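**Student:** Taken in sequence, the protein lines are chains A, B and C. Under the working numbering, think of the first position of the first sequence as 1, with each following residue one higher. Under the working numbering, think of the first position of the second sequence as 1, with each following residue one higher. Under the working numbering, think of the first position of the third sequence as 1, with each following residue one higher.
Simulated from the structure, these hints should not be mistaken for laboratory data. Predicted model only: the values in this text are computed from it and were never measured. Cβ coordinates follow ideal geometry from the N, Cα and C atoms, glycine included. Possibly wrong hints are sitting among the right ones.
With the Cβ distance kept under 8 Å, some of the chain A side facing chain B (calculated, not the full set) [what the hints assert, rightly or not]:
| hint | residue |
| --- | --- |
| 1 | 192 |
| 2 | 201 |
| 3 | 202 |
| 4 | 204 |
| 5 | 213 |
| 6 | 231 |
DSS-like cross-link-like pairs, simulated, lysine-lysine; straight-line CA separation at most 30 Å [unchecked claim]:
| hint | chain 1 | residue 1 | chain 2 | residue 2 |
| --- | --- | --- | --- | --- |
| 7 | B | 129 | B | 184 |
| 8 | B | 123 | B | 174 |
| 9 | B | 177 | B | 292 |
| 10 | A | 75 | A | 53 |
| 11 | A | 37 | A | 53 |
| 12 | B | 218 | B | 177 |
| 13 | B | 218 | B | 184 |
| 14 | B | 111 | C | 4 |
| 15 | B | 77 | C | 4 |
| 16 | B | 111 | B | 129 |
| 17 | A | 116 | C | 9 |
| 18 | B | 135 | B | 123 |
| 19 | A | 37 | A | 75 |
| 20 | C | 297 | A | 116 |
| 21 | B | 292 | B | 184 |
| 22 | B | 174 | B | 184 |
| 23 | B | 123 | B | 111 |
| 24 | B | 77 | C | 9 |
| 25 | B | 218 | B | 235 |
| 26 | B | 177 | B | 135 |
| 27 | B | 309 | B | 77 |
| 28 | A | 114 | C | 9 |
| 29 | A | 116 | B | 77 |
| 30 | B | 77 | B | 129 |
| 31 | B | 332 | B | 309 |
| 32 | B | 330 | B | 235 |
| 33 | B | 332 | B | 292 |
| 34 | B | 235 | B | 177 |
| 35 | B | 330 | B | 292 |
| 36 | B | 129 | B | 114 |
| 37 | A | 114 | B | 77 |
| 38 | B | 218 | C | 9 |
| 39 | A | 116 | C | 4 |
| 40 | B | 309 | B | 292 |
The chain contents come next:
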Amino acid sequence: MNPNKRAPHVILLTILVYFFLYAPIFVLVTYSFNASKTNIVFTGVITQFGDLKLVDGNVMQSPCGPFHWFCELGKNQEVMNAAKNTLVIAFISTFSATVIGTLAALALQRYNFKLKTFSEVALYIPIVIPEIVMGIGILTLFSQIFSYLNNSFGLSGDGRLGLGLTTVILSHITFSIPFVTLVVRARLQGFDQSFEEAAMDLGANEVVTFWRVTLPMLLPGVLSGALMAFTLSLDDFVITFFTNGPGSTTLPIYVYGLLRRIITPQVNALSTVWILVIFLAVFLLQWLQNREVRS
Amino acid sequence: MSDFAVELRNVVKTFQTPEGGSVNAVDHVDMQIRNGEFFSLLGSSGCGKTTSLRMMAGFEWPTEGEVFIEGQPQGHKPPFQRPVNTVFQSYALFQHMTVYQNVAFGLEMEKTPKKEIASRVGKALEMVKLTGMEKRSPRQLSGGQQQRVALARALVKLPSVLLLDEPLGALDLKLRKEMQLELKSLQREVGITFVFVTHDQEEALTMSDRIAVMSFGKVLQVGAPVEIYERPNCKFVADFIGDTNFLEGEVRQSEEGQSTVYVPRLGIEITGMSQRQFASGDRVVMSIRPEKMHLSEGEALNQNCFEVKVTNSAYIGSDTRLEVEASGVKLKVWEQNHISTLDPRAYHLSDQRLWVSIMPENALVLPPE
Amino acid sequence: MLRKLRENKSFQGILLISPTLLFMIGLLILPLILTTIISFGSRNSDGGVIYSFTLDNYIRLAGFSTSCDNGATSCFDPLYAQILWRSLALALETTIIVIILAYPLSYFIARASAKRRNTFLFLVLVPLWTNFVIRVYAWMMILRTEGVLNGVIGAVFGFLHIPFTPLNMLYTPGAVLVGMVYEFLPFMILPIFTSLEKIDNSLYEAAADLGANSIRTFLRVTLPLSMPGVVAGTILVFIPVMGTFIVSDILGGRQVILVGNLIQRQFLDARDPTFGSAAALILMVMTLVVTYFYTRKFGFGEEIVIG
Numbered sequence: 001m002n003p004n005k006r007a008p009h010v011i012l013l014t015i016l017v018y019f020f021l022y023a024p025i026f027v028l029v030t031y032s033f034n035a036s037k038t039n040i041v042f043t044g045v046i047t048q049f050g051d052l053k054l055v056d057g058n059v060m061q062s063p064c065g066p067f068h069w070f071c072e073l074g075k076n077q078e079v080m081n082a083a084k085n086t087l088v089i090a091f092i093s094t095f096s097a098t099v100i101g102t103l104a105a106l107a108l109q110r111y112n113f114k115l116k117t118f119s120e121v122a123l124y125i126p127i128v129i130p131e132i133v134m135g136i137g138i139l140t141l142f143s144q145i146f147s148y149l150n151n152s153f154g155l156s157g158d159g160r161l162g163l164g165l166t167t168v169i170l171s172h173i174t175f176s177i178p179f180v181t182l183v184v185r186a187r188l189q190g191f192d193q194s195f196e197e198a199a200m201d202l203g204a205n206e207v208v209t210f211w212r213v214t215l216p217m218l219l220p221g222v223l224s225g226a227l228m229a230f231t232l233s234l235d236d237f238v239i240t241f242f243t244n245g246p247g248s249t250t251l252p253i254y255v256y257g258l259l260r261r262i263i264t265p266q267v268n269a270l271s272t273v274w275i276l277v278i279f280l281a282v283f284l285l286q287w288l289q290n291r292e293v294r295s
Numbered sequence: 001m002s003d004f005a006v007e008l009r010n011v012v013k014t015f016q017t018p019e020g021g022s023v024n025a026v027d028h029v030d031m032q033i034r035n036g037e038f039f040s041l042l043g044s045s046g047c048g049k050t051t052s053l054r055m056m057a058g059f060e061w062p063t064e065g066e067v068f069i070e071g072q073p074q075g076h077k078p079p080f081q082r083p084v085n086t087v088f089q090s091y092a093l094f095q096h097m098t099v100y101q102n103v104a105f106g107l108e109m110e111k112t113p114k115k116e117i118a119s120r121v122g123k124a125l126e127m128v129k130l131t132g133m134e135k136r137s138p139r140q141l142s143g144g145q146q147q148r149v150a151l152a153r154a155l156v157k158l159p160s161v162l163l164l165d166e167p168l169g170a171l172d173l174k175l176r177k178e179m180q181l182e183l184k185s186l187q188r189e190v191g192i193t194f195v196f197v198t199h200d201q202e203e204a205l206t207m208s209d210r211i212a213v214m215s216f217g218k219v220l221q222v223g224a225p226v227e228i229y230e231r232p233n234c235k236f237v238a239d240f241i242g243d244t245n246f247l248e249g250e251v252r253q254s255e256e257g258q259s260t261v262y263v264p265r266l267g268i269e270i271t272g273m274s275q276r277q278f279a280s281g282d283r284v285v286m287s288i289r290p291e292k293m294h295l296s297e298g299e300a301l302n303q304n305c306f307e308v309k310v311t312n313s314a315y316i317g318s319d320t321r322l323e324v325e326a327s328g329v330k331l332k333v334w335e336q337n338h339i340s341t342l343d344p345r346a347y348h349l350s351d352q353r354l355w356v357s358i359m360p361e362n363a364l365v366l367p368p369e
Numbered sequence: 001m002l003r004k005l006r007e008n009k010s011f012q013g014i015l016l017i018s019p020t021l022l023f024m025i026g027l028l029i030l031p032l033i034l035t036t037i038i039s040f041g042s043r044n045s046d047g048g049v050i051y052s053f054t055l056d057n058y059i060r061l062a063g064f065s066t067s068c069d070n071g072a073t074s075c076f077d078p079l080y081a082q083i084l085w086r087s088l089a090l091a092l093e094t095t096i097i098v099i100i101l102a103y104p105l106s107y108f109i110a111r112a113s114a115k116r117r118n119t120f121l122f123l124v125l126v127p128l129w130t131n132f133v134i135r136v137y138a139w140m141m142i143l144r145t146e147g148v149l150n151g152v153i154g155a156v157f158g159f160l161h162i163p164f165t166p167l168n169m170l171y172t173p174g175a176v177l178v179g180m181v182y183e184f185l186p187f188m189i190l191p192i193f194t195s196l197e198k199i200d201n202s203l204y205e206a207a208a209d210l211g212a213n214s215i216r217t218f219l220r221v222t223l224p225l226s227m228p229g230v231v232a233g234t235i236l237v238f239i240p241v242m243g244t245f246i247v248s249d250i251l252g253g254r255q256v257i258l259v260g261n262l263i264q265r266q267f268l269d270a271r272d273p274t275f276g277s278a279a280a281l282i283l284m285v286m287t288l289v290v291t292y293f294y295t296r297k298f299g300f301g302e303e304i305v306i307g
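If we strip away everything but chain A, and leave its shape as in the complex, we get (with noise of 0.2 Å):
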């Protein structure tokens, strides 16, 4: 039992922060109906449904209903790709990171070897300093190489290397691989050896025995680690915002360039699309920790 539960200036600000947290995103998610093309003032819900009619720079009308700026969205095709590219791009860079940082972990939670305090120290870079350095520092690094090597081989037009996905998921491979390395590594702290042993003493290699015993038993610290990775990859703005090139917009930066041009109620659909997505991803997540802590 304790005194300060239920203080009324603790529920109070509770209310007050949750009001504050979530009030924007219910602008957002409202005018996400907006009649009005410029979505600068609320003019109300389309109600209609039929042809698309335009009154004022307001739409009275619409095939979809008040659904009109999602049916838009769904028929734009730079969201689309940039959304393709978003989801190739967090897939990859997250089954590589897993993969790599649950080496490392592995590496460094059991063996001792000449480099390791190098690799720690490194590994531990990324959450110190402002992503705007690492950012610019991969841009220079990649645009230094490039001209160097377009130079040097004459490469013009199509076969100009330049800043493209490969470059996008490289730097996001790059950033996860600490998170990834942390959670794992947290997750082999307490893990029995004996397992391990017991494998190699029925007969399995080191490899099979990592296959079918250790990587089972290591699993949800693996997919933990994985899930945070998507997470930065898919959420990223500052690093892909210096690493990207013409045909690798993500979301987040396409989103950005409508800012500074012509702002729909579009974006605010896509917001909410967005938001949608995310609450039912966390609630899987949720829902999966649950039954990780039960077991």
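Fit chains B and C to the supplied structure of chain A, relying on the hints for placement.
**Tutor:** Chains B and C alone, transformed into the frame defined by chain A:
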């Protein structure tokens, strides 16, 4: 073809200490384990018994010396290349597999055909009395059941040698005693050499054909339980196994088989048994087991005999355990309660003056520390 | 041979860590070294780099410009120093406000029943997982002159028949501060919550048993034990805020320029990567110095990091 299932020749295992030095966990050990025997490594923590076992299994490699299994030097062979299997103290059952999958694992590694696996697993589970538990997961089993699965998992591979690392440690007393007998009869049934590590001397005495008593990385004595108990070769072994009384003294006369020792603190001479000849004047220690000392109301002739006062007594049921004192020396005496009686005098209350007598063959003369 | 590999544990370790090292050295350490080298260079007409050794960029950042308005060869222009200072101030303000707002909420969640706790946490996580850029945009909609906030206030004032001119909130330092606080609030809530949750209930009971009232208990028991969480949260907030540029770009427009914006512009608009690199390096050093002294005093709080 070697006579021995397992042999250790001059094996040393050195570990680095955190402070920067090194320690020999196993210190020049020679050991010969015969085919088909139940051999125990007995000692307290840190004596090197587990390390020795792990070197047989292949989890550690000797710093010096060689481990032989069935006459073959094992060198730096990893565990999966050795014809031995281990039962771990913590059982180490694979939590993400069922009982069946656990037991079948080793056979899978041997690429045994599925049908054969099924039949062999079935037989193994039958042998440990766990038929019907195939589909359970280790989490659903009791400690005793888990231990049996670990046993089945190792035995199903029909290894030449089975290594057991304090497998009964986590079980409660009653279950432990049951399992001790079961393991012993199981070993006789399958005829495989068992190498058993334990710190419990009663356990070792119950189950083993031979015991190796270890301390600080060295093997002090190897022998059958009776030999270890009745003829310990040094003070440590005499003290470690069972209970005993020690009397320090000086040799007056000695020949192989019998020696007479003067015990200054008691002021008397005691004639005892010696396994070798000592020189006159040698400092020695006599070991006399409490159950071998006899109390009577009068002096006995032809035996070592002296007067004592009973200072304490504990009634155990089957025997009475007394503490007696003579000239300031405290001794333990255990008397079996032969006759069922409620007469308190039969249980030797304190303060009684009695005579202790010791037959010479019950007093063992040993070298001092 | 396989046997050699098996026996050499050290080599096995190196093998396992080699891909990581490849990435960390290639895409982290090398870029940082390159950035440092370039910061001592100068730009050529194409916006590329001339490798040389000159302290011009740093001198400029310190405020001593070599090209002055009045034609003099050196003058004091504190522009960049001001930008650095502004970023530092904003980072500190944001951190403090975030701590003040996050603490009661974390406390509330930590003291809630286990079942409800998950729901409350979930509610905190959802905005966090919504994209950064989208959340900033939301504030743009709210703080605009014709935006939601003005609309709501205007309606209230109108109802009370008080004349009301819409407030100019967007493109001000205040807007940037609000945006920052909003962005990073969840990052402070989670660590503080974690450390509060770890406090055993029996500690409160013991304090009460020994005669402490609720304020005393809070100050002497709760607060000190929750410090690791506050520290972890501070690191998670302070460092990103120092380097941010989106929030100031979208909510501050041209009015609020932070180090992040400065760097961004050098690399994209002004095309002077050498100057941008120098600024980035200064940013990194500043951040590391503050973080170092902070953790020296308060510890790392790393036990909190893995939520």
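**Student:** Please name the hints from earlier in the document that this structure breaks, with their numbers sorted from lowest to highest.
**Tutor:** 6, 27 and 30
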